[in-house]
Amino acid sequence: MLENIVGKRYAVALANSISDDAGLSKALEGLGSFCETFRTEPKLKNFFAHPSIPQENKAGMVDELCDRFQVEKTVRNLVQLLTERKKILFLDPIREYFEKVVDARLGRARAGVTSASELSSEQTGKLRESLGRIYKKDILLETQVDESLIGGMVLQIEGLVLDGSIKNRLALLKQAIEKEEVV
Amino acid sequence: MPQFEQVSVFSSLIFWSVISFVALLFLLKKFAFPPILEILDAREKKIRDDIEGAEKINQDAEKLKADFDRQLKTAHEKANDIIQLAHDSSKKETEKSLQDTQGKVRQMIKEAEHEIQASRNKLLSEIRSYTAALTIASTERILKKAMDEKEQKRVVDETIEEVIQELEKRA
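Respectively, the protein sequence lines represent chains U and E. Counted from 1, the first sequence has number 73 at position 73 by my numbering; the numbering is strictly sequential. Convert by adding 183 to the 1-based position in the second sequence; the result is the number in my numbering.
Calculated directly from the structure, the hints in this document are not laboratory data. All values reported here derive from a predicted model rather than from experimental measurement. Heads up, some of the hints might be wrong.
As the list claims (entries may be wrong) - In the DSSO-like style, the derived pairs of lysine-lysine whose C-alpha atoms are separated by at most 30 Å in a straight line are: (1) U:K136 <-> E:K336; (2) E:K328 <-> U:K126; (3) U:K167 <-> E:K333; (4) U:K137 <-> E:K352; (5) U:K174 <-> E:K336; (6) E:K279 <-> E:K261; (7) E:K328 <-> U:K167; (8) U:K167 <-> E:K305; (9) U:K174 <-> E:K327; (10) E:K327 <-> U:K167; (11) E:K333 <-> U:K174; (12) U:K100 <-> E:K352.
Start from the sequences and build out the full structure, keeping to the hints where you can.
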């Protein structure tokens, strides 16, 4: 709950401080790099969360990371502010909410597609085009492969999940057999 | 008659005889009869008292008999009442015991039926679950073998169509 509130507040502030669309995309990319680093390096989280490590050291680390990722000034300022206010660990929800804000401002929607095998460019194109037509937005399609689905695919878009995988159909069939009344 | 012809001879004798008789009678009446009469009266009184006493005893005995009969009757009635009460109580106890036993038997039957039904349902559920798992596992294995690249593409194409139709329906 608190994460959502903090995430929303800082994400909106960051979005408001960037006027051009390209800047928004770059800022999102920069935040994504930070989050990815925090995910892959758990020690980094401990470093920022540790109360006995001086604030200057944490600020120095932020500067170093910003230089490495070559992030925008606005993102650098935001991360420094979060470090000062000891809210750096809320970076994930901030990025998630910022992504939504950016997508809304740029008129685009993200769709996640999980399939049992790699989708062809023809299939992704058709999906992107159809979804864009239905939602009237540019669609950012994120695909991933999960062989356990056996066949078909699962689509996630704007909080909606449509599961057309064979795995799901088999699960439904299993439920139907289990619920079948025997006289 | 010759006897009466000699009355004059014996007149003085007769006279003295009469006088003696009267005197004797007087003396007897004066001294002998009263105690005898008294004894007789006393005897008569005693006999009468005895008779009265006997009658009274008889009456008392009758009364006692009547009382005894009445008490006996009451005792009989009480005994009958007690027997009836005991009989009723025993009957009630027997009926209650019978009802209790019948109730317990009914409850046991009901519980047994529930248990049988629950076991049946559990067994059927396990059979269904096992059948479902077996069916799905077999189907999954067959499908995995059957899903070549071409089939994968066909299924994904179909799914894309279904998803798009569903989204258009919702839009």
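Quick rundown of the hints versus the structure:
Among the hinted pairs, U:K136 with E:K336 is consistent with the structure: their alpha-carbon atoms are about 27 Å apart, no more than 30 Å. Between the alpha carbons of E:K328 and U:K126 the distance comes to roughly 28 Å, so the proposed pair stays at or under 30 Å and holds. About 18 Å separates the Cα atoms of U:K167 and E:K333, which keeps this hinted pair within 30 Å; it holds. Our distance criterion of 30 Å between C-alpha atoms is met by U:K137 and E:K352, whose separation comes to about 18 Å.
The hinted pair formed by U:K174 and E:K336 meets the criterion: a straight-line CA distance of about 25 Å does not exceed 30 Å. Only pairs whose Cα atoms come within 30 Å are accepted, and E:K279 paired with E:K261 is accepted, the gap being roughly 26 Å. Annotation: proposed proximity of E:K328 to U:K167 holds, straight-line Cα distance about 14 Å (limit 30 Å). Restraint check: the Cα-Cα separation between U:K167 and E:K305 comes to about 27 Å, which is no more than 30 Å; the hinted pair holds.
Our distance criterion of 30 Å between C-alpha atoms is met by U:K174 and E:K327, whose separation comes to about 17 Å. The hinted pair formed by E:K327 and U:K167 meets the criterion: a straight-line CA distance of about 11 Å does not exceed 30 Å. For the hint linking E:K333 to U:K174, the alpha-carbon distance of about 26 Å falls within 30 Å, and the restraint holds. Between U:K100 and E:K352 the alpha-carbon distance is near 25 Å, which keeps this suggested pair within the 30 Å criterion.
Violated hints: none; the structure is consistent with every hint.
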